[in-house]
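Novice: First residue of the sequence shown? That's 1 in the UniProt record's numbering, and the numbers climb one at a time after it.
Treat each hint with caution, since some may be false.
What the hints assert, rightly or not - Distance windows between CB atoms, simulated:
1. N424 with K448: 14 to 24 Å
2. R130 with A293: 30 to 40 Å
3. T345 with P74: 19 to 29 Å
4. N518 with N322: 49 to 59 Å
5. A301 with Q441: 42 to 52 Å
6. N485 with K507: 23 to 33 Å
7. R425 with T107: 44 to 54 Å
8. D483 with T504: 11 to 21 Å
9. I514 with K347: 16 to 26 Å
10. R425 with K163: 35 to 45 Å
11. T107 with N424: 46 to 56 Å
Treat the hints as calculated values from the structure; they're not laboratory data.
Note that beta-carbon positions come from the ideal geometry of N, C-alpha and C, so glycine has one too.
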Amino acid sequence: MNVSEQLLDILKNEGVKHIFGVAGDALNPLVTAIGEQNDIQWVGVNHEGNASYAAFAQGELGDNFGVCASTVGPGALHLVNGLYNAKKERSPVIAITGQVPVEHLGTNYHQEADLTKIFDDICEHQAVIRSPEEAPRVISRAIRIAINRKCVCRIELPADIAKMSAKNQDFVHKTFRSSSALIPSHNALLQVAKAINEAETVGILAGAGCRNAKTVVLDFAKKLKAPITHSLRASDIFDHSTENVVGLTGLIGNPAGYKGVMKSDLLIMLGTDFPYTDFLPDKTKTVQIDVRAENIGNRTAVDYGLHGHIKETLEALIPLCNEKLNSEFVDELVDSFKSWKTSNTEKADPSRDMEPLHPHIFARLASDHASDAAIFTIDTGTAAIWASNFMNFHSDRRIIGSFNHGSMAVGLPAAIGAQLQYPNREVWGLIGDGAFNMSLQDFSTAVKYNLPIKIIVFNNSQLGFVKIEMEEAGLAPNMDALDVNNFNFADYAKLCGGDGVRVTHAKDIENAIIQAKNATKPFIIDAVVTNAELALPPKIGFEEAKGFGISKIKELAKAINGDKRQWENIKQEIEAYFD
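Full structure from sequences and hints, please.
Specialist: Right, here's the structure in full:
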């Protein structure tokens with residue numbers, strides 16, 4: 001057994017099933033070892049960046065860690081964005097990178113890069129192997145840290161050591177995985193219970209830290225007659241049909257979710273590091289509960305902090321709280337949320353047959369037809385708006401994306417990772433055309449491994465979210481910078497060996513969704529949609545109104561002065577609004 005084979009043996013013992021990467025140089029001994037066994041599958045991708053996004057998906061969705069691999073310098077650098085995404089989403093991932101032979105380190109050797117420096121801000125731990133004797137211990141330590149801290153760790157394997165005989169096999173053993181729960185002190189719980197009992201109205205802002213605590217959070221909310229506003233990452237925990245849930249706040253939120261956070265007497269933040277301070281109150285008494293103590297008070301002033309896991313902390317807190325009798329606050333917001341959902345259902349009705357099409361019709365119909373256990377990979381940009389506002393992630397559905405890192409191009413590779421991990425579940429990707437163009441080279445990878453992923457590409461020939469950002473800042477959109485020149489994505493799917501359909505008429509949308517659902521090979525819906533759909537925040541303040549107003553004045557002035565694209569943009573926005 002050489003060191004590469006020993007590393008593979010350790011990964012097999014931990015239940016790893018896939019390693020995503022591009023073969024080459026220092027990685028070749030490991031790839032060779034993978035080819036000589038059947039427990040772990042090498043998934044060769046076309047770009048290492050997509051490998052790291054696929055590994056992120058597996059770390060995020062399962063009970064294990066994802067694994068990606070690359071060769072020396074240039075290949076390793078391609079992993080950075082996907083690994084940064086895993087870091088920000090707190091998804092356990094092991095990144096295996098090659099390195100030039102030890103004797104050449106520090107000599108500016110061909111393709112040499114100081115990977116320890118480069119990955120220092122991404123990885124919580126880096127296992128840099130410098131001898132076969134230390135390899136099993138430092139590899140196992142990296143895996144322990146990745147699993148128990150839910151983070152990214154890197155294993156660096158120099159090309160010469162990769163082929164050396166393995167040593168210290170007695171250090172290869174099953175990794176310890178903590179199942180302990182952290183609960184605050186009784187006195188701290190009593191203080192928070194007193195604040196809750198004294199408050200007339202209570203609002204809850206719940207995040208992804210509530211994933212294993214949904215039932216107890218709902219019990220807590222019902223006892224306190226509290227509306228539950230949630231973060232985007234928690235949309236598949238507190239779905240639109242769950243009691244007391246009033247949706248999102250923030251730029252892509254709705255009025256009920258906004259009021260649930262901003263208008264309560266006491267705000268309780270549960271397992272969330274919600275970053276948008278403009279949508280957090282600055283004078284409301286606030287309680288924050290989080291297993292990461294450094295998050296408490298990170299975004300807004302906190303009167304009471306509880307350091308603990310959400311489920312166990314609430315189980316200890318609930319008996320100390322008096323049941324609220326007045327439900328007017330929560331009833332009003334739940335009714336408002338229902339009205340908002342009804343309005344959205346009408347907006348996303350296929351009878352609205354304006355062309356180019358309304359993008360949210362695709363999102364709504366995908367939500368209607370997808371299975372109760374579907375996984376949705378949602379790319380960054382307007383795709384996240386259509387998904388969060390017009391879809392319901394009920395039952396056992398899951399959503400993943402780049403919700404904290406905010407990187408484009410996560411949707412396709414994450415769908416590949418998800419489908420490999422869960423071959424019997426539907427996997428849907430909702431992706432803007434800009435993001436899809438960044439990663440489309442690996443659609444052929446989905447074909448190669450016969451993965452029946454369903455991809456909806458919102459083809460509006462524009463970087464739509466960037467346009468919104470420009471308008472909010474009071475700028476006239478630069479159409480040259482925003483334009484995306486697309487080809488027919490359905491034809492591209494077929495060229496790769498998959499299948500697809502281009503949709504330009506509203507009457508064809510539902511059939512396309514059903515066709516994708518039933519497809520047995522990778523499928524693309526090329527959704528030709530308008531780039532003029534407006535997405536407004538739940539509350540428009542003076543600065544937002546000022547920015548959009550100035551932007552529209554500038555756009556109109558350019559149109560009057562002969563800018564045909566600005567005039568076309570204004571006409572499409574008017575048509576989309578009044579359709």
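Novice: Taking the Cβ atom of A301 and the Cβ atom of Q441, is their distance within the range 42 to 52 Å?
Specialist: 47 Å, holds
Novice: Assuming the hint says 16 to 26 Å, is it satisfied by the Cβ distance from I514 to K347 or not?
Specialist: 21 Å, holds
Novice: Determine whether the Cβ-Cβ distance between T107 and N424 falls within the hinted range of 46 to 56 Å.
Specialist: Given about 51 Å between the Cβ atoms, the range holds.
Novice: Return holds or violated for the Cβ distance of N424 and K448 against the range 14 to 24 Å.
Specialist: 20 Å, holds
Novice: Tell me if the beta carbons of D483 and T504 are separated by a distance inside 11 to 21 Å.
Specialist: 19 Å, holds
Novice: The hint says 23 to 33 Å between N485 and K507; measuring C-beta to C-beta, is that right?
Specialist: 28 Å, holds
Novice: Confirm or reject the claim that R130 and A293 have a C-beta distance inside 30 to 40 Å.
Specialist: Hint holds: Cβ distance 35 Å, inside 30 to 40 Å.
Novice: Mind checking the hinted window 19 to 29 Å against the Cβ distance between T345 and P74?
Specialist: 49 Å, violated
Novice: Is it true that the C-beta distance of R425 to K163 lies inside 35 to 45 Å, as the hint says?
Specialist: 39 Å, holds
Novice: Between the beta carbons of R425 and T107, is the distance compatible with 44 to 54 Å?
Specialist: 49 Å, holds
Novice: Does the hinted range 49 to 59 Å hold for N518 and N322 at CB?
Specialist: Given a distance of about 53 Å, which is inside 49 to 59 Å, the answer is holds.
Hint 3 from the earlier list is the only one contradicted by this structure; the remaining hints agree with it.
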